[in-house]
Amino acid sequence: MSIGPNITPPLADAPAADPQQLETSRGFWAETWLRFRRRKLAMVALAYVLFMACVALFSPAIAGTKPIICKYKGHIYFPALGYFHRSWENPIFVTDHFRNVYPAKLKESDPESWALWPLVYQDPQRRVRADEWPDHPANPTRDKGHPNSLNLFGTTRAGVDVFAEMVHGTRTAMLVGFVSMGIAGAIGITLGAFAGYLGGWADMLLSRLIEFVMCIPPLVLILALIAVLPHPTIWHLMAVLGLTSWTGIARLMRGEFIRLREADFVTAARAVGVGWFGIMFRHIFRNGLAPVLVPITFGIASAILIESALSFLGFGAPPPNPSWGALLEAGRDNLQMWWLIAFPGLAIFFTVLAYNLIGEGLQEATDPRLRQPGN
Amino acid sequence: MNILLRRSLYLALLIALALSTASSAEKPPADDKFKLGDLIEPFTPPLLAELDKTADWQDMPVVDPMEELRDQKKKEPPLVSVEEALRLHNDSPEDNKKIISALSMVPPADGKGANFDASIGRCQVMDLASTNPLLMSSFAEAEFGDLTALFIINFDWNLVPFADANAVVSWKASKDHLLDKIVLRDDLVWSDGKPITAHDVVFTFQAIMTSKIPIPAVRSGPDQIKWVEAYDDHTLVFFHKAAQATNTWDLNFPIIPKHIFEKSIPEDPTLTTSAFHTQQQLKPVVGGPYELIEWNRGSNLVMQRRENFYMHNGKQVRGKPFFKEVTFHLLEDGNTRLLALKSGRIQETELEAQQWQTQTSGRDFYDSNTKAYGNEWLYMYIGWNLKTPFFEDVRVRQAMACAMNYDEMINDLCYGLYPRCHGIFAPDAWMYPKHPLPLYEFNLDKAEKLLDEAGWIDTDGDGIRDKEVNGKRIPFEFNLTVSLKPDRIDICNLLRENLDSIGVICHVVPMEAAVFQERVQNKKYEAEMAGWGTGTDPSLTSNIFGTGEDRNFGSYSNPKVDALYKAGLLEFDPQKRAEIYGEIANLIYADQPYMFLYNQNRFFGFSHSLRGYRFSPRGPYAYVPGVMSLWMP
Chain E
0 MSIGPNITPP
10 LADAPAADPQ
20 QLETSRGFWA
30 ETWLRFRRRK
40 LAMVALAYVL
50 FMACVALFSP
60 AIAGTKPIIC
70 KYKGHIYFPA
80 LGYFHRSWEN
90 PIFVTDHFRN
100 VYPAKLKESD
110 PESWALWPLV
120 YQDPQRRVRA
130 DEWPDHPANP
140 TRDKGHPNSL
150 NLFGTTRAGV
160 DVFAEMVHGT
170 RTAMLVGFVS
180 MGIAGAIGIT
190 LGAFAGYLGG
200 WADMLLSRLI
210 EFVMCIPPLV
220 LILALIAVLP
230 HPTIWHLMAV
240 LGLTSWTGIA
250 RLMRGEFIRL
260 READFVTAAR
270 AVGVGWFGIM
280 FRHIFRNGLA
290 PVLVPITFGI
300 ASAILIESAL
310 SFLGFGAPPP
320 NPSWGALLEA
330 GRDNLQMWWL
340 IAFPGLAIFF
350 TVLAYNLIGE
360 GLQEATDPRL
370 RQPGN
Chain G
0 MNILLRRSLY
10 LALLIALALS
20 TASSAEKPPA
30 DDKFKLGDLI
40 EPFTPPLLAE
50 LDKTADWQDM
60 PVVDPMEELR
70 DQKKKEPPLV
80 SVEEALRLHN
90 DSPEDNKKII
100 SALSMVPPAD
110 GKGANFDASI
120 GRCQVMDLAS
130 TNPLLMSSFA
140 EAEFGDLTAL
150 FIINFDWNLV
160 PFADANAVVS
170 WKASKDHLLD
180 KIVLRDDLVW
190 SDGKPITAHD
200 VVFTFQAIMT
210 SKIPIPAVRS
220 GPDQIKWVEA
230 YDDHTLVFFH
240 KAAQATNTWD
250 LNFPIIPKHI
260 FEKSIPEDPT
270 LTTSAFHTQQ
280 QLKPVVGGPY
290 ELIEWNRGSN
300 LVMQRRENFY
310 MHNGKQVRGK
320 PFFKEVTFHL
330 LEDGNTRLLA
340 LKSGRIQETE
350 LEAQQWQTQT
360 SGRDFYDSNT
370 KAYGNEWLYM
380 YIGWNLKTPF
390 FEDVRVRQAM
400 ACAMNYDEMI
410 NDLCYGLYPR
420 CHGIFAPDAW
430 MYPKHPLPLY
440 EFNLDKAEKL
450 LDEAGWIDTD
460 GDGIRDKEVN
470 GKRIPFEFNL
480 TVSLKPDRID
490 ICNLLRENLD
500 SIGVICHVVP
510 MEAAVFQERV
520 QNKKYEAEMA
530 GWGTGTDPSL
540 TSNIFGTGED
550 RNFGSYSNPK
560 VDALYKAGLL
570 EFDPQKRAEI
580 YGEIANLIYA
590 DQPYMFLYNQ
600 NRFFGFSHSL
610 RGYRFSPRGP
620 YAYVPGVMSL
630 WMP
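As given, the protein sequences belong to chains E and G, one line each in that order. Numbering that gives the first Met the number 0 puts the first residue of the first sequence at 0, with every later residue one more than the last. Numbering that gives the first Met the number 0 puts the first residue of the second sequence at 0, with every later residue one more than the last.
Quick caveat, the hints were computed from the structure, so don't treat them as lab data. Even for Gly, the Cβ is constructed at its ideal location relative to N, Cα and C. Hints are not guaranteed to be accurate.
As the list claims (entries may be wrong) - Derived Cβ-Cβ restraints for the label pairs, each shown as a range:
id	chain 1	residue 1	chain 2	residue 2	range
1	E	Ser148	G	Phe441	40 to 50 Å
2	E	Lys143	G	Lys445	28 to 38 Å
3	E	Arg331	G	Gly343	23 to 33 Å
4	G	Asp70	E	Arg331	41 to 51 Å
5	G	Gln71	E	Pro133	50 to 60 Å
What the hints assert, rightly or not - A partial selection of chain E residues facing chain G, derived with a Cβ cut-off under 10 Å:
id	residue
6	Asn89
7	Pro90
8	Thr94
9	Thr140
10	Asp142
11	Ile233
12	His235
13	Leu242
14	Phe314
15	Ala329
Isolated chain E (complex conformation) (with noise of 0.2 Å):
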């Protein structure tokens, strides 16, 4: 049994219930989400962060080099997998000479086979050379790569499409906000949780933890993490985002615990007995966790401007990771490439400014103070 402040007293012991009463009264994040819906802006910047995530995960079927699914000496294979993980990519293809050129070799060496190829056909790892694809000169390098109907985007000095690169980069982008922001949420809340349910000396260890992890520079921190491991991955840079960014979220949720430790629902869950897990996460955090949303995803901006202002610096994921401050920093140094700076650029402001407004959205659906009746 369960009964929160917002959450609708058992219908059964009211008498009579108004049917018009029965639809007006929602659950708390049913009223947050139906207040967040008339904000025009917010709403805006939620489709585009799906739209995001469709062509994040989407990104080998939208640009690539590899077919989406081929028919190959009779079997089936999926190679564009290939661009999540090189071992998703079937190995058959290594061992039969493809040298990552599909269309030639497919024929070539099955003319019974059969693909289906991704909407864009450029790489975003390498430059897609003269002759790959039927009418496809190579893409052009140095400085010459302005954008056509081929290389939408341009390409980079090296000849590789941005185009392709700005849409696998995606991925990059959304990994970073979300992977470095789950962990930050992970640790926040839960420390935050057992400071604030504590108290006393367990909350004044935890506290001083997080004053902590305050005084260390993520960026710092990152940047020797860099030159100590051998191999640095863009996964290190987001444990990292992750591990020191998560001190505004615990205090929120301390915050937010101490207030509702006392509060009546708690009391009367802990007299009928609810152990103390249960009061902590059924009935504290549901209800202590609409403010904590805000600062996450304002924090998934800033893990992604962080991200690319390391690879602008040129300390982000290492070649040839897609990545749109990897496409900054190249138009650094040519400033008349303007299609290198002004592409991802866009991408990054469009992000980093829907994520903004959506923690704002959420900011204010959720804070009853702004409530207005009627609204």
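Chain G: place on chain E using the hints.
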């Protein structure tokens, strides 16, 4: 004047760091008593008269570098007039030749036409660690030394050594190549007015050979000298340990004043920490043409012409240095340097390849500047660590050489500005082999065949080649470290792409320069991309390719190469030496301890007001007269 780490080659463009931190770390225990010259074996020099009787002295060249340059210029009439050259856009090798031929002219001996009141702004990428020439180890310190330090032996744009007539009256060598007798001029004074004598040279030699003084680079060279004796104030005899073709280069070290350091060195062998030495750092007593008058750390460095360098007792005794003042501005960022040149704050700067190609073609650049380049003996390579299981087999290294798309690297990634590298010596060098081996060409089939032969086959069917090493099956997956330079990362990435397609996983790991250097020096790497500039003599490359040598970071070893390096040192006939080093180059190319990529030219932007720049295999400044031939009309 112009010595850039003679024995030690400099890590090309990895300028950032002091070169051999390792040697400076070798400090003896603190309780040792200071002893000047404790690394010198005890030796009692014979009397000069005895030497004169037995030595059979041979005359050696004493050259005034500016005079030599003037003579050379007389033989090379300018291809166009100065006005035309300044109007030209440097778009082809012919234009480059024209620009250099016209603008490398120098004023006549009387200095007519030169503006001696002019000042020049130059730039440095990093600040000096020290102004003491014995402690020099970086590019910036070497360039400072070119202007302020006194050298007895120098070399010209052909890297031919001679005694500098600005400091030396005569130079004789014994027939057995074990002795050098040098008589110094009597009109040389330090910047504080005290005369420069042979005793300063002896003192400098002793200081260099003192274990307690942390000398990073200057010691290699002089450590091959047995003893230096001053027979009077001006007569010096150098006693060599062995008769080697490189003995002359060992005399090429900067001189420090005995009267300044005699008492202070025992108190503070670091040369940097005591109050007196700190003051010496800021206002060093120098023997070169310029002296330091202002040093704002992290910002700039101002040097002024020394009047008592070229005037003696009211008479001009040497060529007057062309600039009244030389200022080094510290500008770390390439874009800032270019802006400083365009705005006239500096009059020359090195340009990055892409700046040369794309940012210096417009009117904003050519209105008040021009640009030029020289072919340098500087090559970029990918070095393999032969101690790793991947690269110990020569077939694997050859396979790597076949897996590089050289055409695309040169034409696309390097803007077509660089020639391909033909091995450790440049094709226009005298030591380049007469019958060079054919270059490796891009051929993935051949690479796969070589890898198969070497036993790297995909046995577990995961698309990655593997091999059993010491009972363990390891995949062919290695890290290729490179410093944070976009052009280099692109080249590594091209190799990565090719290797990936033949089942070899290469992780490109870009690293900040200091970390990169530390990893490489400690041999904690599998593959690295870097470059070497040229030293003055091919024998110097033995510390890169000789077994167990200092800079042999990849642990390459070939007894034949070692033997040839030894033979090269003992051979005095230039023709035979060239053959020996040519053979070394061929052996190394066949063994492929490096994948040889390209010879990097260096690009420079010069203000319209500047004249007198001439390129050598070490760039426009690192020889004599080098920077001293720059002038303004």
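To see whether the hints hold, each was checked on the structure:
Hint check: E:Ser148 to G:Phe441, Cβ distance near 30 Å, so the stated range 40 to 50 Å is violated. Range check, E:Lys143 to G:Lys445: about 31 Å between beta-carbon atoms, so the 28 to 38 Å window is met. For the pair E:Arg331 and G:Gly343, the beta carbons lie near 25 Å from each other, so the given range of 23 to 33 Å is met. Here the CB-CB span from G:Asp70 to E:Arg331 is close to 47 Å, well matched to the stated 41 to 51 Å.
In this structure the supplied range 50 to 60 Å holds for G:Gln71 paired with E:Pro133, their Cβ-Cβ distance being about 59 Å. A hinted interface residue such as E:Asn89 counts as satisfied when its beta carbon comes closer than 10 Å to some beta carbon of chain G; here the least separation is about 8 Å, so the hint holds. Interface hint status for E:Pro90: upheld, as the beta-carbon distance to the closest one in chain G is roughly 3 Å, under 10 Å. Because the beta carbon of E:Thr94 sits about 7 Å from the nearest beta carbon in chain G, less than 10 Å, this interface hint is met.
Interface restraint check: E:Thr140 against chain G, minimum CB-CB distance 4 Å, threshold 10 Å, status holds. Hint on E:Asp142 holds. Least Cβ distance to chain G is approximately 5 Å, under the 10 Å limit. Nearest Cβ of chain G to the Cβ of E:Ile233: about 12 Å, over the 10 Å cut. The hint is violated. Using the Cβ-Cβ criterion of 10 Å, the hint placing E:His235 at the interface with chain G is not satisfied: the shortest such distance is roughly 12 Å.
For E:Leu242, the suggested interface contact is broken, since its CB lies about 22 Å from the closest CB of chain G, more than 10 Å. This hint holds: E:Phe314 has a C-beta 8 Å from the nearest C-beta of chain G, less than the 10 Å allowed. Interface hint status for E:Ala329: upheld, as the beta-carbon distance to the closest one in chain G is roughly 6 Å, under 10 Å.
In the structure shown, a violation is registered for the earlier hints numbered 1, 11, 12, 13, in ascending order.
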